[in-house]
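Enquirer: Going down the list, the protein sequences come from chains A and B. Quick note, in numbering that gives the first Met the number 0, the first sequence goes up one by one and the last residue is 374. Quick note, in numbering that gives the first Met the number 0, the second sequence goes up one by one and the last residue is 126.
Hints in this document: simulated from the structure, not taken from any laboratory. Every residue, glycine too, gets a C-beta built ideally from N, C-alpha and C. Take the hints with a grain of salt, since some may be wrong.
Unchecked claim - Within a straight-line C-alpha distance of at most 27 Å, the following computed DSSO-like cross-link-like pairs (lysine-lysine) qualify:
(1) A:211 - B:103
(2) A:192 - B:111
(3) B:71 - A:278
(4) A:223 - B:103
(5) A:211 - B:71
(6) A:211 - A:53
(7) B:76 - A:54
(8) B:90 - A:334
(9) A:346 - B:71
(10) A:214 - B:95
(11) A:313 - A:192
(12) A:348 - A:218
(13) A:123 - B:95
(14) A:75 - B:95
(15) A:266 - A:192
(16) A:334 - B:102
What the hints assert, rightly or not - FRET-style restraints, in silico, Cβ to Cβ:
(17) B:75 - A:60: 20 to 26 Å
(18) B:109 - A:234: 30 to 36 Å
(19) A:282 - B:109: 37 to 43 Å
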Amino acid sequence: MLDWLSPLGITGTDSSGLGTLISTLMYLSFIFFIFFGQKIQLYTMIWNMSGALKKLEFMKNEAKALTIKTLIEIGKPKVDPIPRISALLEAFFITPVDMDPAGIVWKLDHLMDVRDNKFKDDVKRLAPEADNAQVNNLENLVEGSLALNTIYRIVRHFYLLGKKTQSFFLILQLQMILPLVMQEAEALVGATKAFAQGQPIGDGLGPLVASKLMKDKEKRKVEKDVVVSEFAMDGRNIIALKAEGPGGNVGKPGDAIKQLIKEREGKVDMVIMIDAAVKFEGEKTGGISEGTGAAIGGIGTERFKIEEEASKNKIPVYAIIVKESLQEAIMPMKKEIAESADNVITKIKGLIQEQTKEGQTIIVAGIGNTIGVGQ
Amino acid sequence: MEQKKNGLYFYVTVIFSLGVLAYSAWLILGSVLSYNEGQTESFYYSLILGLIGVALSISSLATMRRRIQIIKSQSLKTLTTEICEKCNFKKVREFKAGDYVNKKTEACPQCKADLAISMIYKESPKE
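Take these sequences, add in the hints, and give me the full structure.
Expert: In structure tokens form, the structure reads like this:
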């Protein structure tokens, strides 16, 4: 079998010839890997990444198709919505200059309002037959598709740049974060499905708790898309608030809390914020933690408003959070999260009894996206 | 139709992987016998081929297992729980478009009061 190697002195009739062949191959491969090891690693990473990129492309196409299908089904557009949706999926947002940070929160808040209003108007025009809740759901759906499209474009950019420049470290950086990017993309696909059907998502825990508190009680609308209900509990005046549902909406709880405190000339004794928060790996989904401070995510403008108003009036701010992963927060709500709402209410009652006296006023704010949660 | 095709592909892949695994195990056994008989060349060939076969088939079976888990998690249903506040009658059904928490749905079959949606959640995968 090894006759063709006989000119090299390797013969297949004895085991020493085969041993020489194997050791020669070992030496050659060792030298080969010294020179080409990194290149081989680079091509392996590029190959892996091209697979991930194909998967991302499939996901963003699937999300776009779902968006178009849902818009046509619910909104009954009079013109072909595809060119407008394609344009919306490429939309961008320029944040204000932060070289002189004084007053940046209000600039950012204004720009975000402009963006949100424009997005909502665009969706309304695309879906003339949709009611307000459906427009909010469709807006969330378009936002989910936009996020997937952006992830795809960024990954493709670095993949092609790395391939073009053959830069090992450029590809390596992308390779390192790729599992997390893929996890987020998969969660976004789940989120778009939930938005298309109007199902509650993990982030809706805060509004779910507030809706349980304000059930069958009188409600009124306050600052942008927020509903408030005032009632008595254990001898205290409770003001529960949440974004107006059941359409996908986070409202502006910062403005709402500010307005409520101003209406009472600062005579509020406690603010309790309920929100879903990102858990550490290994922690149980649906676990509850108590703390202090304004529990609210986003870009920070709403948190700023609450912190400013609370500190101006010396109002203590407490937070009750329900733990969930970043993926669980945007995917359809899990049973463990939904069931934790009643335990959160027990915690709120405990906190109120421990920290306040009868007759005092407490604001309970359910923070998060209220999709699929009415009031 | 597509689902049937995928199912067939799955079974063919699993059967093929198991076949490769069995053949690889037989090759490794053969290599041990060759070693005992002093056939070094045959020993190396069978051992290397056998190990490559075992690695490939195990990798293929592990990939199929991961895919099954993903498919299972995707096929989980979203459930809606309706409750009657008056008599505590509880009804769990599959989610329908238009459902939302606090929506009054129908009359309670026990006491004729309103049933309202109390929870909408995705069922958890079985451990």
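Enquirer: Which numbered hints does this structure break?
Expert: Per hint list: 2, 5, 6, 9, 11, 15 violated.
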